[in-house]
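Engineer: In case you want the letters, here they are:
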Amino acid sequence: MSSPAAALEVRRLSKRFPPRPGQSESPWVLSDLSFCVGDSEFLTIVGPSGSGKTTLLNILSQVDGASGGEMLFRGESINLASAALNPGLNCHIGYVTQDDNLLPWQTLIDNVTFPLKLQGRLNQESMARMQGLLKAVNLIGFDHYYPHELSGGMRKRASLIRTLAYDPPIILMDEPFGAVDAQTRTQLQQDLLRLWNLGRKTIVFVTHDIGEAIALGDRVLVLSRSPARVIYEHHVAIPRPRDLSNFYKLEGFGDMYETVRKELL
Amino acid sequence: MSAVAESLPFPVPRSRRRWIPYGRIGVALACFALWQFGSYWMGKEWLPGPVATFARIWDLALSAQLFRDSLVTFSEAAAGMILGGVGGAALPFLLRLSPRLLKASEPFLSAAFGVPKLALAPLFILWLGIGIMTKIVFVASIVFFLMFYNGMAGILSVDPRLVAMARVAGASQWQVTRHIVWNTTVPFLFAGLKIALPRAISGAVVGEFIAADSGLGWYINNSRSLNDTVGVLAGVIVVTILVIVVNAVLQRSQARSLAWRPVSRDMVV
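Sequence lines, in order, name chains A and B.
According to our numbering, the first sequence is numbered sequentially starting from 1.
According to our numbering, the second sequence is numbered sequentially starting from 266.
One thing to keep in mind: the hints can contain errors.
[Unchecked claim] Under the rule of at most 25 Å between Cα atoms (straight-line distance), these lysine to any residue pairs were calculated in the SDA-like manner:
(1) Lys117(A) x Asn448(B)
(2) Lys309(B) x Thr494(B)
(3) Lys368(B) x Phe142(A)
(4) Lys117(A) x Ser437(B)
(5) Lys117(A) x Lys309(B)
(6) Lys368(B) x Leu85(A)
(7) Lys117(A) x Leu523(B)
Think of the hints as simulated: they come from the structure by calculation, not from any bench.
Please model the entire structure based on the sequences and the hints provided.
Structural biologist: Put into C-alpha cells, the structure is as follows:
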C-alpha cells in the first residue's frame, strides 16, 4: 500500500492491553493493521463500534503504546511499541479527541491558544491567525467565556481550532462530532471541510458513521470487527466542494453507502 | 453577607433571601440570651455572662495586651502554617513524578499521620525549649498532613485526558505540572486550608497551654490558674474571632482564584 507521496505510513500495528487480574491473556484489539495516508489527503476510517478505532488513534498520537508495529513519517521509522513514547511527535501530529478536553479553568481564548503558549509560539502573527480561525468557525465574541458557558457545538469547534492553530502537518480526529445533535453536526462537518480547504492538511478521521466517512473523505478505509484490520478501501469520487446539507443526494453516495454498510456487517 | 446568599447550593427566591441577615441576627441574640441565662443558672463565678466577658476584652484591647498576645499566637500559627503547609502541599507534586516512590512511601506517611501530634508536644519542648519555635514546629506537624492528604486527593483527580492533550500539544513534564496538575489541585488545597488554618491557630493555642510566657493560650491558661473565669472566656472569644477573620480572608482569596468554577460549591462557614 506504500506510495512515494505518503505523509504517514502505518505498518503491521498490533495491540493488546495488559491482562486483567485472573485473566491469562487479553484479546488482540488491533492485529496486523497497515495503511498509509497521502500528503494533504482526507482519509476516513470507518469501523464497527468497539473495533479499536480510538485505540488506533491513541497509538498513532503516541498517547498509548502499541504491542508491535511502526510508522513511517518523513522517511523516519518510529517504533510504536517502544517504552519511550513521544506524544504528538514533536507537534507534528495533532489529535482532536472524542471529548473536547478544554481546560475548565481557562477561557475560550486561553484554551485555543494553549498549544501555542506551550510551544512558545504565541505572538502577533499566530494571534492574527487565531482570530481568523475563530471567525471561520463563528466563535468571535466568546473569547472570554469559560467552557461550561459554551454550547457543545461551540466547544467542539474550539477544540478543533485549538489543534489547527499550531498547524501540525497531520491531524488525527476521533469521532469529533459524535456527541452533538444532527444539525450542529452538519454545521461542524461543513466548518471542518472549509478549514481543511484553507490549509489542506493531512487528516485521519475515524468514525462509526458511514455517511460521515463518505461525505468527508477522499478515501474510506473499512475496519473489521475486533481485532481490527483494514479489510476494504474505497476512493470517494464525489467532487469537491461538497454540499453536506444533503450529502445523501450526492452523485455516487448511495451506492457506496450500501457497499460499506454490507462490508461492516 | 450577601455573598453568602448568592452562593447557596439550592435556589432560594430573592424575596425570601432578604430575611437571611435578620434570621442570623435573631439566632445570635438567642445565643447571647442562652449564655446570659446559663450564667445566672450556674453562677457567674463559674460561667461569666457576655457583658463581663466583652468588658474584659475591651480592657485588654485598651491595655495593648490583647494585641501583643494575639500577634504572638497569630505569628506562631502563620509560621507553622507556612512551614508545614508548603511542605505538605508540595510533597504530592513530587510523589506524582514517581509512582514507585509514592507506593513505597504510603505506609510510612500513614504511620506518621497516625502519630498523635499532641503527644509529641513534650518532646518538642525538650528539643526546642518553651519559645516560639516549639509552637511553630508543633503547628507545622499538624498542618503538614492536612495539606498533604488534600493535595494528594487533588493530584489523584487529575484528568489523564487533559494531560494527554497537553502532551500531544508539546507540553513538557514541567508544563503539565504547571498548567494541568496545579490548576486541578488548587481547589483541593483550598479545601485543605479551610481545615488547616483553624487547626493551626488552635495548635498554637494548645502549644501555649503547655509552656509559654505569652500568647492567647498563655493568657487563657494563666487566667485559669488565677481562677479568673472571665479571663478564660475572654481569651476563648478572642481566639474564635481570630479564626473567623482568617477564614474570611481565605474565603475572599478562594472566591477570587476559583472564579472559573461553574457554581460555588463551597460552604461559606
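Engineer: Would you mind marking each hint as holding or not holding in the structure?
Structural biologist: Okay, the hints, checked on the actual structure:
1. Lys117(A) x Asn448(B): 16 Å, holds
2. Lys309(B) x Thr494(B): 9 Å, holds
3. Lys368(B) x Phe142(A): 44 Å, violated
4. Lys117(A) x Ser437(B): It holds: about 12 Å lies between the C-alpha atoms, which stays within 25 Å.
5. Lys117(A) x Lys309(B): The given pair, whose Cα atoms are some 67 Å apart, is violated under the 25 Å limit.
6. Lys368(B) x Leu85(A): Cα-Cα ~23 Å, so holds.
7. Lys117(A) x Leu523(B): 22 Å, holds
Consistency note: the structure conflicts with the earlier hints numbered 3, 5.
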